[in-house]
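S.K.: Let the hints inform the model, and build the full structure from the sequences given.
For the sequence shown, the working numbering begins at 1 and goes up steadily by one.
Note that these hints are calculated values from the structure, not bench results. Just so you know, not all the hints are guaranteed correct.
As the list claims (entries may be wrong) - Dumping the calculated SDA-like pairs for lysine to any residue here, alpha-carbon to alpha-carbon at most 20 Å:
no., residue 1, residue 2
1, Lys334, Glu168
2, Lys316, Met224
3, Lys328, Asp263
4, Lys258, Gly46
5, Lys328, Asp303
6, Lys235, Ser116
7, Lys8, Gly155
8, Lys42, Thr25
9, Lys167, Leu337
10, Lys63, Asp159
11, Lys261, Lys304
12, Lys235, Met224
13, Lys213, Thr10
14, Lys8, Gly164
15, Lys261, Leu102
Claimed, not checked - Just the calculated beta-carbon pair ranges, DEER-fashion:
no., residue 1, residue 2, range
16, Glu202, Glu28, 42 to 48 Å
17, Asn317, Arg56, 28 to 34 Å
18, Lys167, Glu38, 27 to 33 Å
19, Lys329, Met12, 46 to 52 Å
20, Arg188, Glu129, 38 to 44 Å
21, Val346, Glu28, 49 to 55 Å
22, Asp198, Lys316, 34 to 40 Å
Virtual Cβ for every residue (Gly too), placed ideally from N, Cα, C.
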Amino acid sequence: MKEEGNIKLTEMVKLHGWACKLPNTELEYLVKDIITEEDLKKTYIGLGDDASVIIRNNMAIVKTVDVFTPIVDDPYIQGKIAACNSLSDVYAMGILDVIGALVILAIPEKLPIDISKKMLKGFQDFCRENDTTIVGGHTIMNPWPLIGGAITGVGNKEDILTKGGAKEGDVLILTKPLGTQTAMALSRVDDEYRDLLDINDEDIEYIVNTAIKLMTTSNRNALMTLRELENEVGKKVVHGMTDITGFGILGHSNEMAKSSKVDIEIHTLPIIKKTGYLSKLFGHALLNGYGAETAGGLLMSVDKEHSDELLEKLHKNKIYGFNIGNVKKFSVGKAYLSKDVKIIEV
Numbered sequence: 001m002k003e004e005g006n007i008k009l010t011e012m013v014k015l016h017g018w019a020c021k022l023p024n025t026e027l028e029y030l031v032k033d034i035i036t037e038e039d040l041k042k043t044y045i046g047l048g049d050d051a052s053v054i055i056r057n058n059m060a061i062v063k064t065v066d067v068f069t070p071i072v073d074d075p076y077i078q079g080k081i082a083a084c085n086s087l088s089d090v091y092a093m094g095i096l097d098v099i100g101a102l103v104i105l106a107i108p109e110k111l112p113i114d115i116s117k118k119m120l121k122g123f124q125d126f127c128r129e130n131d132t133t134i135v136g137g138h139t140i141m142n143p144w145p146l147i148g149g150a151i152t153g154v155g156n157k158e159d160i161l162t163k164g165g166a167k168e169g170d171v172l173i174l175t176k177p178l179g180t181q182t183a184m185a186l187s188r189v190d191d192e193y194r195d196l197l198d199i200n201d202e203d204i205e206y207i208v209n210t211a212i213k214l215m216t217t218s219n220r221n222a223l224m225t226l227r228e229l230e231n232e233v234g235k236k237v238v239h240g241m242t243d244i245t246g247f248g249i250l251g252h253s254n255e256m257a258k259s260s261k262v263d264i265e266i267h268t269l270p271i272i273k274k275t276g277y278l279s280k281l282f283g284h285a286l287l288n289g290y291g292a293e294t295a296g297g298l299l300m301s302v303d304k305e306h307s308d309e310l311l312e313k314l315h316k317n318k319i320y321g322f323n324i325g326n327v328k329k330f331s332v333g334k335a336y337l338s339k340d341v342k343i344i345e346v
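M.R.: Below you can see the structure in the form of structure tokens.
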């Protein structure tokens, strides 16, 4: 058995984090004719959104599952990233109260159990930070490591937000910059080849650490900020919402446009410093809007009247907030990048 110090989780898999997500078109084909409308007749929200929702006695029960491959070598941080990503789908549905997580953990035969334990500890510590806990789970032996969870949240039916609520005239606000796929690819470049990238060590450290911080920052705080503003103004401020993960900003905006029967124009791409340049070297589609994100931010379709207030409140609470686009009148039901899309580096 290998010594723990010699193990690199990312070398045990070919695809990292949400880069392992099945492409959207293949996913649609996979479930077509398998799960029918009749099957889902008792479900308030079924396939196609960030989570499913069942209503019982006017209580919304939100259920989701996420599991993926390692994106970092540090097992504790990997556990936190997995938890952050797993809980995010509940927050993306507008629900703050996560009542428990069932952890899914796959362990290769040659992986020291202490590494898996550190992943589990990272997952649980993140849950504690979000006022919830692991309540059970399932572990299997597997050729490559996996970690994630089945998450349940509860709330009021009227608090539910979906991808399908965006309205013409809304402003799109994103609560984290993009570029985690490229940043973490940079972290896996061997030292002997880093000189070829024309990036100094200080920038490399900043890029990688920023990505890790983003992937371990809960979307709960952004949702709480939204609810605070709504309580102050006495009405709903956001009409539709999703989070940005494996399909990239344009892929998830496409889902929102299709579900909402609108068009969406993305005029700004906020990205981690120098990931635009690096994405071209690595062959990533970041600047085309399709860079895979892991534990990305919330994408909110916001009433234009209150968009500036929400941005101000997010910034006041030390949360990223970017005005990245607009919701347009329905033409083809898709999202697109502006011809003169603006790139902002953070």
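S.K.: Now tell me, hint by hint, if it's right for this structure.
M.R.: Status of each hint after checking the structure:
1. For the given pair, Lys334 sits about 13 Å from Glu168 by alpha-carbon distance, which is consistent with the 20 Å threshold.
2. Between the alpha carbons of Lys316 and Met224 the distance comes to roughly 13 Å, so the proposed pair stays at or under 20 Å and holds.
3. Proximity of Lys328 to Asp263 is assessed by CA-CA distance (about 5 Å); at most 20 Å being required, the pair is judged to hold.
4. Of the pairs offered as hints, the one joining Lys258 and Gly46 holds, with about 16 Å between alpha carbons and a cut-off of 20 Å not exceeded.
5. Taking the CA atoms of Lys328 and Asp303, the gap is about 13 Å. The hint holds against a cut of 20 Å.
6. Note on Lys235 and Ser116: the hinted pairing is violated, with a Cα-Cα distance of about 45 Å set against a maximum of 20 Å.
7. With a CA separation close to 40 Å, the supplied pair Lys8 and Gly155 exceeds the 20 Å bound.
8. A C-alpha spacing of about 26 Å is found between Lys42 and Thr25, which places the hinted pair above 20 Å, so the restraint is violated.
9. Between Lys167 and Leu337, the direct Cα distance comes to roughly 18 Å. Compliance with the 20 Å bound is thereby established for this hinted pair.
10. Annotation: proposed proximity of Lys63 to Asp159 holds, straight-line Cα distance about 15 Å (limit 20 Å).
11. At most 20 Å may separate the alpha-carbon atoms for a hinted pair to count; Lys261 and Lys304 meet this at roughly 18 Å.
12. Proximity of Lys235 to Met224 is assessed by CA-CA distance (about 15 Å); at most 20 Å being required, the pair is judged to hold.
13. Between Lys213 and Thr10 the CA atoms are separated by roughly 18 Å; this keeps the pair inside 20 Å, and the hint holds.
14. Simply put, Lys8 and Gly164 have alpha-carbon atoms about 41 Å apart, too far for the 20 Å limit, and the pair is violated.
15. For the hint pairing Lys261 with Leu102, the CA-to-CA distance comes to about 35 Å; that exceeds 20 Å, so the pair is violated.
16. Taken as a hint, the range 42 to 48 Å holds for the pair Glu202 and Glu28, whose Cβ atoms sit roughly 44 Å apart.
17. For Asn317 and Arg56, the Cβ-Cβ distance of about 33 Å falls inside the hinted range of 28 to 34 Å, so the restraint holds.
18. For the pair Lys167 and Glu38, the supplied restraint of 27 to 33 Å holds, since their beta-carbon distance comes to about 30 Å.
19. In this structure the supplied range 46 to 52 Å holds for Lys329 paired with Met12, their Cβ-Cβ distance being about 48 Å.
20. For the pair Arg188 and Glu129, the supplied restraint of 38 to 44 Å is violated, since their beta-carbon distance comes to about 27 Å.
21. Distance hint check for Val346 and Glu28: the Cβ-Cβ separation is about 33 Å, which falls outside the suggested range of 49 to 55 Å.
22. Between Asp198 and Lys316 the C-beta distance comes to about 37 Å, which sits within the given range of 34 to 40 Å.
Hint compliance for this structure: hints 6, 7, 8, 14, 15, 20, 21 are broken, all remaining hints hold.
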